[in-house]
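Starting from the known structure of chain A, arrange chain B with the ligands on it as the hints suggest.
Number of protein chains: 2
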Amino acid sequence: METTSTLKITKRDNSKIADVDFNNLAFGSVFTDHMFSVEYVNGQWQQPEIVPYGPISMDPSAKVFHYGQAVFEGMKAFKDDQGDIFLFRPEDNWERINTSSARLAMPELPKEVFMEGLMELLKLDEAWIKAGDGNSLYIRPFHIATQPGVSASPSDRYKFMIILAPAQSYYSGEVSVVFAEKYSRAASGGVGYAKAAGNYAAQFYPTNLAKEEGYQQVIWTDANTHEYLEEAGTMNVFFRVGDKLLTAPTNDTILNGITRKSIIQLAEAAGITVEVRPVAVKEIVEAAQAGELKEIFGVGTAAVVVPFKSFAYKGEDHKLNAPENSYGVQFKKDLNDIQYNRTEDKYGWRVAVK
Amino acid sequence: METTSTLKITKRDNSKIADVDFNNLAFGSVFTDHMFSVEYVNGQWQQPEIVPYGPISMDPSAKVFHYGQAVFEGMKAFKDDQGDIFLFRPEDNWERINTSSARLAMPELPKEVFMEGLMELLKLDEAWIKAGDGNSLYIRPFHIATQPGVSASPSDRYKFMIILAPAQSYYSGEVSVVFAEKYSRAASGGVGYAKAAGNYAAQFYPTNLAKEEGYQQVIWTDANTHEYLEEAGTMNVFFRVGDKLLTAPTNDTILNGITRKSIIQLAEAAGITVEVRPVAVKEIVEAAQAGELKEIFGVGTAAVVVPFKSFAYKGEDHKLNAPENSYGVQFKKDLNDIQYNRTEDKYGWRVAVK
Ligand SMILES: Cc1ncc(COP(=O)(O)O)c(C=O)c1O
Ligand SMILES: Cc1ncc(COP(=O)(O)O)c(C=O)c1O
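Chains as they are written, first to last, in the numbering used here: chain A, 1 to 354; chain B, 1 to 354.
Each pair may be met inside one copy or between any two copies, as identical chains are not told apart.
Simulated crosslink set (SDA-like; lysine to any residue; CA at most 25 Å straight-line): (1) Lys130 / Asn24; (2) Lys314 / Asn224; (3) Lys182 / Asp252; (4) Lys182 / Pro107; (5) Lys182 / Thr250.
Bear in mind the hints are in silico, worked out from the structure with no lab data behind them.
So here's chain A without its partners, still in its complex pose (with noise of 0.2 Å):
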């Protein structure tokens, strides 16, 4: 897990920030003007580099083309009313792209190298990042096998690289969703629990089928009965039922999500009982219909917490009225509070990029 050197960086002649038009960003489709990028080769990893982003060259038998090595994260830096800019939890991301690599038979890589590069292509970039609520830098670091060839086993050659896309606050308008009860995300002893690349690839399909009968997002349930929820597309999924909190346990087909994992924590701090536990769809549609259920709320880097108007299930629509008190506006403002620096951090999630 040595790198052959430090890092390099080449500069942009001209920023091509001016030609962007910051309060009409579609997510994730605009880019900054700088890109990481190192190479494993013989293996070791090589130089990094940080280069004007533009396209990468690639054979057209590289394997990740072919046979889907391919992993990446998400996450964001955000920037307070002083122009300082912050990350949040930024170490879990790297250990996570780790442990996705690793079940891609691909090779970790270096937490310095992974940290010095996300810093100094932030550093760069600053500009890019906006002050204000809402407002953010959404950061996609990825790793993808190079290596020509093809022959189904794994690459020798890879790629690191993080590039950036400018994100505003992320409204998803109303979301309806559907649990799933034919299709599914993840087969236990798979890889659901690594950020892989053909995890979503796999997602596209149903998703549209339930787009088509007016649902915005699947809730995905095992694969082998359909009676346990488990995520959504790229959130992990909170019930409260009652004044209580439950969510899936993390396993092999579960997305160990960071936000989960604040928020269980922001949830156990404020005295809220959470059970992480397998939670049962029946469960979930007998509360609906005691009216005991009170939100249903995706969490991730993303959106943070979106709150679900309605499930459907078996063909029946149930309708969630968000209650006065919602557990998922309180999230979402504790979490923004924290990564926007407007509050003390207790925790030690923020993370100064200096």
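Below, chain B with the ligands without anything else, positioned relative to chain A:
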């Protein structure tokens, strides 16, 4: 499913064929002079092209890198002693890549585009196909998402390509397999039946573990119970118990192999009973113990038929002694005879390239 224009061919100035040692080819590592490529933009397949084989330029945010929208095929071209070239059931590969694409929310490719591109490419790189038993040209059609953008939704741009790699007789050595007890390849309700890139990366780590224990391949079992045998990493599997052949039915976790279905037809024509039904680990272990298990073999395009010399389950190795009248050896010969134009083709499987 229309294209805007017909095939455009740009030839390479000098062939690199003289540099290639055809007696020393590592599978899938050397590529021919040209490649076929067609892009999907604005809801339409564009001008198909054949160009010199070489790197492609990709945006680092291209969706294939992040969300694994990528499917592929594997097929072969054979040359007979007269120098004529043949394909084996190529329409089935075209159909299957479209089945795979549909499951990953990717557009289907028109048959004419696939077939014309394939035929013209083969004619152009015809010299790379060597006659002689075991020699062939491995053909890799693949389809990837190219739209830049890191939001988890289907791409609106794609690239479909065909690349070619000369191949020698595939000798895999003695193959010992292990039945999967913990890890799995595919979820029911998932994408196991698609030739999706992500399905392969998911197998690398557990396959590495098997290799460390001295097994070359894993035979995957169902993810729910691990009690039923599904398929190997890149091959379907047949079990011969007494004089009967058993193989798992194709469903949403198993690839519908072209070799598999051809062998089922050959076996039935030869009066062999083929039971296409769930095959329990238990019955195979019991058949082995009773001396009734005669053969297990994997079948697929790359190796045609691979006899396994043993299987392991719950830490116990069960040796298989190749019987005199091996079904596997017979089917391999039958298929090769059709493929190399050495026999009549009763089934209409052989397609001449001209
Ligand atoms: C499948 C999946 N689940 C959950 C999450 C939420 O994880 P985090 O809170 O770390 O962003 C994500 C997104 O990152 C995801 O892709
Ligand atoms: C998972 C899997 N199963 C089975 C096969 C065999 O299919 P075919 O006979 O069409 O090559 C392959 C290879 O193509 C495969 O990748």
